[in-house]
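Build out the structure end to end from the sequences listed, making use of the hints.
There are 2 protein chains.
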Amino acid sequence: MALAHKGITPEYVACRFGDKGRMAFAGYERYPLLVDGDRSIGDSWAIACYLEDAYPDRPSLFGGATGRAAARFINTWADRELQPALLPMIVKDIYDHLDPADQPYFRQSREQRFGMTLEAMAAKRDERKPALARVLDLLRAQLDGQPYLSGTAPAYVDYIAFGAFQLARSISPYRLVEPGDALYDWRKRLLDLHGGLGRSTNAYPE
Amino acid sequence: MALAHKGITPEYVACRFGDKGRMAFAGYERYPLLVDGDRSIGDSWAIACYLEDAYPDRPSLFGGATGRAAARFINTWADRELQPALLPMIVKDIYDHLDPADQPYFRQSREQRFGMTLEAMAAKRDERKPALARVLDLLRAQLDGQPYLSGTAPAYVDYIAFGAFQLARSISPYRLVEPGDALYDWRKRLLDLHGGLGRSTNAYPE
Chain A
1 MALAHKGITP
11 EYVACRFGDK
21 GRMAFAGYER
31 YPLLVDGDRS
41 IGDSWAIACY
51 LEDAYPDRPS
61 LFGGATGRAA
71 ARFINTWADR
81 ELQPALLPMI
91 VKDIYDHLDP
101 ADQPYFRQSR
111 EQRFGMTLEA
121 MAAKRDERKP
131 ALARVLDLLR
141 AQLDGQPYLS
151 GTAPAYVDYI
161 AFGAFQLARS
171 ISPYRLVEPG
181 DALYDWRKRL
191 LDLHGGLGRS
201 TNAYPE
Chain B
1 MALAHKGITP
11 EYVACRFGDK
21 GRMAFAGYER
31 YPLLVDGDRS
41 IGDSWAIACY
51 LEDAYPDRPS
61 LFGGATGRAA
71 ARFINTWADR
81 ELQPALLPMI
91 VKDIYDHLDP
101 ADQPYFRQSR
111 EQRFGMTLEA
121 MAAKRDERKP
131 ALARVLDLLR
141 AQLDGQPYLS
151 GTAPAYVDYI
161 AFGAFQLARS
171 ISPYRLVEPG
181 DALYDWRKRL
191 LDLHGGLGRS
201 TNAYPE
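So the protein sequences, as listed, match chains A and B.
Letter by letter, the first sequence follows residues 1 to 206 of the numbering used here.
Letter by letter, the second sequence follows residues 1 to 206 of the numbering used here.
By construction, these hints were calculated from the structure, which means they are not laboratory data.
Check the hints yourself; a few may be wrong.
Here are some, though not all, of the chain A residues that point toward chain B, as calculated from beta-carbon distances under 10 Å [said to hold, decoys possible]: (1) THR9; (2) PRO10; (3) THR66; (4) ALA69; (5) ARG72; (6) THR76; (7) LEU139; (8) TYR148; (9) ALA153.
Here are some, though not all, of the chain A residues that point toward chain B, as calculated from beta-carbon distances under 7 Å [stated by the list, open to error]: (10) GLY63; (11) ALA65; (12) ALA71; (13) ILE74; (14) ALA141; (15) GLY145; (16) GLY151; (17) VAL157; (18) SER172.
Computed from a predicted structure; not experimentally measured.
All C-beta atoms in this analysis are idealised placements derived from N, C-alpha and C, irrespective of residue type, glycine included.
Structure below.
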């Protein structure tokens, strides 16, 4: 979404967990990884900053230095609060959709990280709902009186949150938002952006 | 701090809980209330937006529309996460510093809101520390590599968080931050800003 915001159409290279070695040339082992000419940039936030600085004449992702700093805080919030609240809801579904060769690694690493089996996490989905509702309510409040998290037009803060929604939508039948929810309408706006880019991946019904 | 950022020196009028009626002329009953000529504006966020729009030629609080939207999200986060994590730590101290005439109202309204006595809240201070540490860690992460929450220069997002720290510092001996903490150094920078404005109130030792 950030690339499309900048008017850039990249070549996408899909990568399985077992293919991490393909990113070793750049010194990274986690996606996303952006390769632009002879530059390689890993980590979503670093990529967004790179795009903003390398393509300053294209539409801005942050709206200036002060906006970039505020977006950075929201990015950290999403990493520490939004994503961890969402992940237990969908982690078993991620596992179920993986290439079988990746499943043992994923199970072992995630079960170690969370201290319980994937099945136990899935069983706790309902009791995790209040924690998820609390972070989603923060996003909902932001949509009071404006169509995008970034105000009247979409910008990087929208893409931060949209990424979490896209992951859920593409890998899990769990319905994060329902029609009638301001976040449902917001997600629809994001899915319509940039020529419907967000609809170009396989996904469960909205 | 937002007024000083805009180069405005207001006349301050202190107001006790029992004096709420003094704000009735403006249709508000909670401070802060800003009166600028024939305009009256209540609520910190609305005041910040008013200042930004009414004084566009002074230094910006938000750095543009996208930055304003992101700051609004952080303001909501502060209202819902930072302030509630901090308040249990200091609520009994607030009570102890109140004009005796205000104490019964404060006790009754806060004990009803939190469902326990002020003394019970004070006794839970230690068990609430992890929740406070979690929100303070979000602010600390933001100071990695930059002196202010808003980047290289202070802006409204700094003042949002500083307000919470100022309340604690002025009303409670509870030490929210200690020397050596990035947030301690950041608070010192904020206290030094605008001619040391933040040091002009009574406060406990830093």
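Hints and how they fare:
| no. | hint | result |
| --- | --- | --- |
| 1 | THR9 | violated (23 Å) |
| 2 | PRO10 | violated (23 Å) |
| 3 | THR66 | holds (3 Å) |
| 4 | ALA69 | holds (4 Å) |
| 5 | ARG72 | holds (7 Å) |
| 6 | THR76 | holds (5 Å) |
| 7 | LEU139 | holds (8 Å) |
| 8 | TYR148 | holds (8 Å) |
| 9 | ALA153 | holds (8 Å) |
| 10 | GLY63 | holds (3 Å) |
| 11 | ALA65 | holds (5 Å) |
| 12 | ALA71 | holds (5 Å) |
| 13 | ILE74 | holds (6 Å) |
| 14 | ALA141 | holds (5 Å) |
| 15 | GLY145 | violated (10 Å) |
| 16 | GLY151 | holds (4 Å) |
| 17 | VAL157 | holds (5 Å) |
| 18 | SER172 | violated (25 Å) |
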